[in-house]
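*Asks:* Let's have the full structure, built from the sequences with the hints guiding it.
Residue numbers (my numbering), protein chains in the order written: chain R, 180 to 511; chain Y, 180 to 511.
Heads up, the list lumps identical chains together, so a pair's fine if it works in one copy or across two of them.
Distance condition first, Cα-Cα at most 25 Å in a straight line; then the derived BS3-like pairs of lysine-lysine: (1) Lys-266 x Lys-483; (2) Lys-338 x Lys-266; (3) Lys-504 x Lys-338; (4) Lys-390 x Lys-405; (5) Lys-476 x Lys-266; (6) Lys-381 x Lys-397.
Simulated from the structure, these hints should not be mistaken for lab results.
2 protein chains.
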Amino acid sequence: MSDNGFVVGVDIGGTKTTVALLDERDGILCERVEPTSRADFDESQQGSQRILNQVISLINKVCDVSGIALSDVSGIGNGVAGTIDFKSGTVIFSPNLPFRNFGFKDAMYQHFKIPIFLDNDANVAVWGEKCFGAGRNASEIVGVTIGTGIGGGLIINDKIYRGAVGCAAEIGHMIIDRNGPRCGCGNYGCFEAMAAGSAIAKKARAVIAKKPDALILKMAGGNIDKVNGESLVLAAAEGDELALGVLREIGEIIGVAFTSLVNIFNPEVIIVGGGVAETGDLILNFAEDIVRNYAIKPNSEIVKIVKAELGNKAGFMGAASLIRKEIESYND
Amino acid sequence: MSDNGFVVGVDIGGTKTTVALLDERDGILCERVEPTSRADFDESQQGSQRILNQVISLINKVCDVSGIALSDVSGIGNGVAGTIDFKSGTVIFSPNLPFRNFGFKDAMYQHFKIPIFLDNDANVAVWGEKCFGAGRNASEIVGVTIGTGIGGGLIINDKIYRGAVGCAAEIGHMIIDRNGPRCGCGNYGCFEAMAAGSAIAKKARAVIAKKPDALILKMAGGNIDKVNGESLVLAAAEGDELALGVLREIGEIIGVAFTSLVNIFNPEVIIVGGGVAETGDLILNFAEDIVRNYAIKPNSEIVKIVKAELGNKAGFMGAASLIRKEIESYND
Chain R
180 MSDNGFVVGV DIGGTKTTVA LLDERDGILC ERVEPTSRAD FDESQQGSQR
230 ILNQVISLIN KVCDVSGIAL SDVSGIGNGV AGTIDFKSGT VIFSPNLPFR
280 NFGFKDAMYQ HFKIPIFLDN DANVAVWGEK CFGAGRNASE IVGVTIGTGI
330 GGGLIINDKI YRGAVGCAAE IGHMIIDRNG PRCGCGNYGC FEAMAAGSAI
380 AKKARAVIAK KPDALILKMA GGNIDKVNGE SLVLAAAEGD ELALGVLREI
430 GEIIGVAFTS LVNIFNPEVI IVGGGVAETG DLILNFAEDI VRNYAIKPNS
480 EIVKIVKAEL GNKAGFMGAA SLIRKEIESY ND
Chain Y
180 MSDNGFVVGV DIGGTKTTVA LLDERDGILC ERVEPTSRAD FDESQQGSQR
230 ILNQVISLIN KVCDVSGIAL SDVSGIGNGV AGTIDFKSGT VIFSPNLPFR
280 NFGFKDAMYQ HFKIPIFLDN DANVAVWGEK CFGAGRNASE IVGVTIGTGI
330 GGGLIINDKI YRGAVGCAAE IGHMIIDRNG PRCGCGNYGC FEAMAAGSAI
380 AKKARAVIAK KPDALILKMA GGNIDKVNGE SLVLAAAEGD ELALGVLREI
430 GEIIGVAFTS LVNIFNPEVI IVGGGVAETG DLILNFAEDI VRNYAIKPNS
480 EIVKIVKAEL GNKAGFMGAA SLIRKEIESY ND
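*Replies:* Right, dumping it as structure tokens:
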């Protein structure tokens with residue numbers, strides 16, 4: 180049990196924003212999710228301020244609903260989908276949000292005048308899994324979120340590893356096939372370009388193009404634009420060889436990336452979150468086979484590959500835990 | 180100035196073994212190098228014991244020559260080319276040495292009865308560069324040695340990162356082309372299989388096969404078996420386009436690997452040692468171009484790519500520093 184009372188956890192993603200109020204035992208008193216405010220997306224301070232206002236409003240709501248006064252909240256922890264300058268509390272850049280060198284931590288402090296914590300969304304999520312989910316009892320953790328993009332978070336010696344300026348763990352931009360497809364980052368053959376959501380859909384569509392009566396397409400209601408990981412998993416569940424083939428290919432690519440990570444980090448556990456983890460065990464089983472057979476020993480033998488346990492709660496739970504930790508450090 | 184007097188640093192490589200006695204200011208009093216004792220290589224305790232005997236004999240020699248009694252030596256730090264179980268002080272496996280689950284630290288302690296430190300050779304070398312060479316003042320360092328193979332050492336938050344069981348930093352077995360050539364580890368397209376010494380020589384020979392009057396071959400005295408990185412550099416210095424092409428290709432592969440490392444670690448510095456670093460600036464300049472253009476910002480802007488400064492001294496200097504640090508921790 181923590182002795183610094185109520186804290187708020189905030190998780191700002193490109194699509195939705197979640198805010199939750201936690202009691203002193205890290206129990207969730209109230210949790211609110213909204214689409215992230217970006218109706219007229221502009222890369223300006225106004226766009227950033229609009230998101231900040233939305234978060235402020237959500238924080239007020241979760242307190243109101245729980246009957247807790249803002250003055251009883253000890254601090255606010257935030258995870259933001261973007262590149263963070265950790266020391267200054269600035270969001271340097273976000274591919275899906277308007278933040279551009281936005282002094283997030285300072286702006287939030289100016290409003291609430293209580294301790295504020297800010298970090299990258301992948302970092303707070305892996306911390307959440309370490310404290311409350313699939314990473315309990317582990318000190319060396321690689322967190323990988325495979326969804327629209329691929330994000331990473333690293334726990335090294337029981338701490339979040341941020342690198343020289345806070346921009347480490349860009350696991351999605353590890354190159355696994357230098358002759359591979361172009362990535363959004365400008366490079367070729369990044370893990371993200373090979374195995375994230377759009378790469379999966381692209382591979383499935385390429386299969387359908389050759390075989391228009393494929394079961395994969397039926398599973399997407401006959402609409403090729405709706406073909407995605409889920410259509411593949413549904414078709415594979417019916418024993419469809421084409422779908423299984425695509426899932427195996429994706430699983431093997433993920434396995435290649437995990438093999439490199441296991442060789443580099445010798446982690447106790449790789450925690451996999453995002454859409455891929457939610458599509459069942461098939462893809463991850465293919466990936467695990469590659470790791471067990473191709474990573475070096477003893478690393479390949481000791482690593483566990485597990486799914487994230489907290490789903491969308493990992494981000495705000497981790498952010499809340501991190502502001503709590505920071506407040507405790509003031510009191511030491 | 181350290182207050183724990185004389186220490187010995189030992190660096191056991193597949194080819195040669197270096198032992199040095201250092202005074203309390205880390206000055207080298209005496210340094211001895213010998214080919215590692217493996218005349219009749221056997222994967223047995225006898226083979227391991229033979230190497231241990233050689234090291235013991237070298238330690239006695241450097242003390243004798245310096246006029247220092249063994250009883251005045253506070254501890255012995257060792258770097259061994261192999262997979263180390265750090266906690267138990269065991270060499271689990273070494274590709275080029277007879278050690279197989281050999282209790283190195285214990286065996287050495289039984290002989291000398293003074294504090295013994297044991298770690299992987301790449302780890303002690305990067306630590307040496309951090310304390311005395313190209314990594315001074317940096318907290319986040321990736322060390323890469325590109326020679327016959329490719330080894331790695333990681334400094335994270337000012338400490339050697341060893342992973343869950345001490346086998347992290349196998350940077351040579353990061354996969355950068357999943358359709359690439361087979362690696363000694365059994366995998367395909369590892370950094371080592373693409374850019375270490377034998378890969379370089381192979382690429383050069385492939386070029387010569389198409390153009391038997393190539394300058395590269397002349398630089399190797401007309402003997403294709405002697406073609407190596409040096410022949411390429413010599414031919415490139417004469418402006419030979421074929422040689423420049425091979426060096427560019429190798430440099431680009433190294434650049435791809437470094438780009439991944441910069442994205443994952445956000446390091447302050449990558450320190451490059453081994454044969455490639457000794458062939459001049461050409462290869463590393465090609466590599467650096469790739470990093471500056473393709474790694475994500477701000478990581479790509481802040482990282483320095485530099486050559487190791489200590490050469491063959493990095494290993495024993497680092498090992499000596501680490502046993503000194505361990506002794507100091509006893510006294511805290």
